[in-house]
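Undergrad: Numbering (the numbering used here), first residue to last: 35 to 271.
To be clear, the hints were calculated from the coordinates, so they are not data collected in a lab. Among the hints, erroneous ones may be present.
[What the hints assert, rightly or not] Calculated pairs, SDA-like style, for lysine to any residue (alpha carbon to alpha carbon, straight line, at most 25 Å): (1) K253 - S154; (2) K105 - P169; (3) K193 - P169; (4) K181 - G216; (5) K193 - T44; (6) K193 - K226.
The structure presented is a predicted model; accordingly, all values stated were derived computationally and were not measured.
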Amino acid sequence: DFGIQVSYYTSVIGVGKTPGEVQLNWIVSPNGLNTHATNNFWRSVEGVTLWGNVITWAVSQAAPLRRSVIKHALRLSYDARYSSGGFMSDVSIHGDLAMGTQQQWFFRNVDVFGQMYCPSGWNYVMVGMRGLSWPAQQACAGSTPGKVLTLPMLWVAEKPFIVAEDGGWYIHVPKFISAAVGSGSSGNIDWKLDLEQEVFITRPGMTADEINRGMEGMKGLLVTPGIYELDVPIEIK
């Protein structure tokens with residue numbers, strides 16, 4: 035029974051080529067204000083498979099859930115506590131999805147193989163969704179016109195992600211894909227970068243000049259967390 039508490043300034047990142055290579059029982063995002071989630075910001079989860087019977091990801095903005103598999107149910111708030119998210123992309127939910135008190139949410143290329151429960155909320159945008167029937171979407175919208183907006187995905191490229199493979203570290207860069215439906219698009223890799231040979235890695239305290247010079251001849255940039263006092267822009271060429 036292994037899980038991780040995901041609090042402020044915390045990212046849980048699975049470094050396998052697929053989410054199935056990194057498996058956890060649970061994650062939890064602790065409520066930061068009077069048991070509500072309206073200030074649960076600045077955290078993220080990606081690249082994992084979660085096996086708990088009910089996974090609760092009660093967050094607001096700046097707290098994405100990406101490239102992951104939820105083997106059972108997912109709920110997005112703690113009971114009737116307030117919440118105001120949110121974003122998820124390239125996620126497969128094998129059980130039910132309970133929106134709870136979420137005021138709004140943006141889903142992109144997400145599978146939902148169970149039911150969707152929407153007791154409240156104002157605005158849910160679903161792009162490239164798979165598994166939710168039209169009646170289920172209408173039931174979610176209820177008597178609120180425009181509460182649920184469903185759109186096809188014209189073009190998408192998931193964000194690059196770090197992978198440990200063959201004794202080294204790499205950044206995988208997904209392809210642009212047209213008309214993508216459901217999860218799995220990040221598995222279509224366009225190219226990969228050797229983290230040690232082709233990527234410049236910053237360290238907190240570096241100047242803009244050091245970063246700009248360090249990127250010369252490199253194909254990628256990885257900015258590690260911290261404080262950077264920059265007097266001129268970083269130039270990506």
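Undergrad: All hints are to be evaluated individually against the structure, with a verdict given for each.
TA: Hint-by-hint comparison with the structure:
no.	hint	verdict
1	K253 - S154	46 Å, violated
2	K105 - P169	24 Å, holds
3	K193 - P169	32 Å, violated
4	K181 - G216	21 Å, holds
5	K193 - T44	18 Å, holds
6	K193 - K226	12 Å, holds
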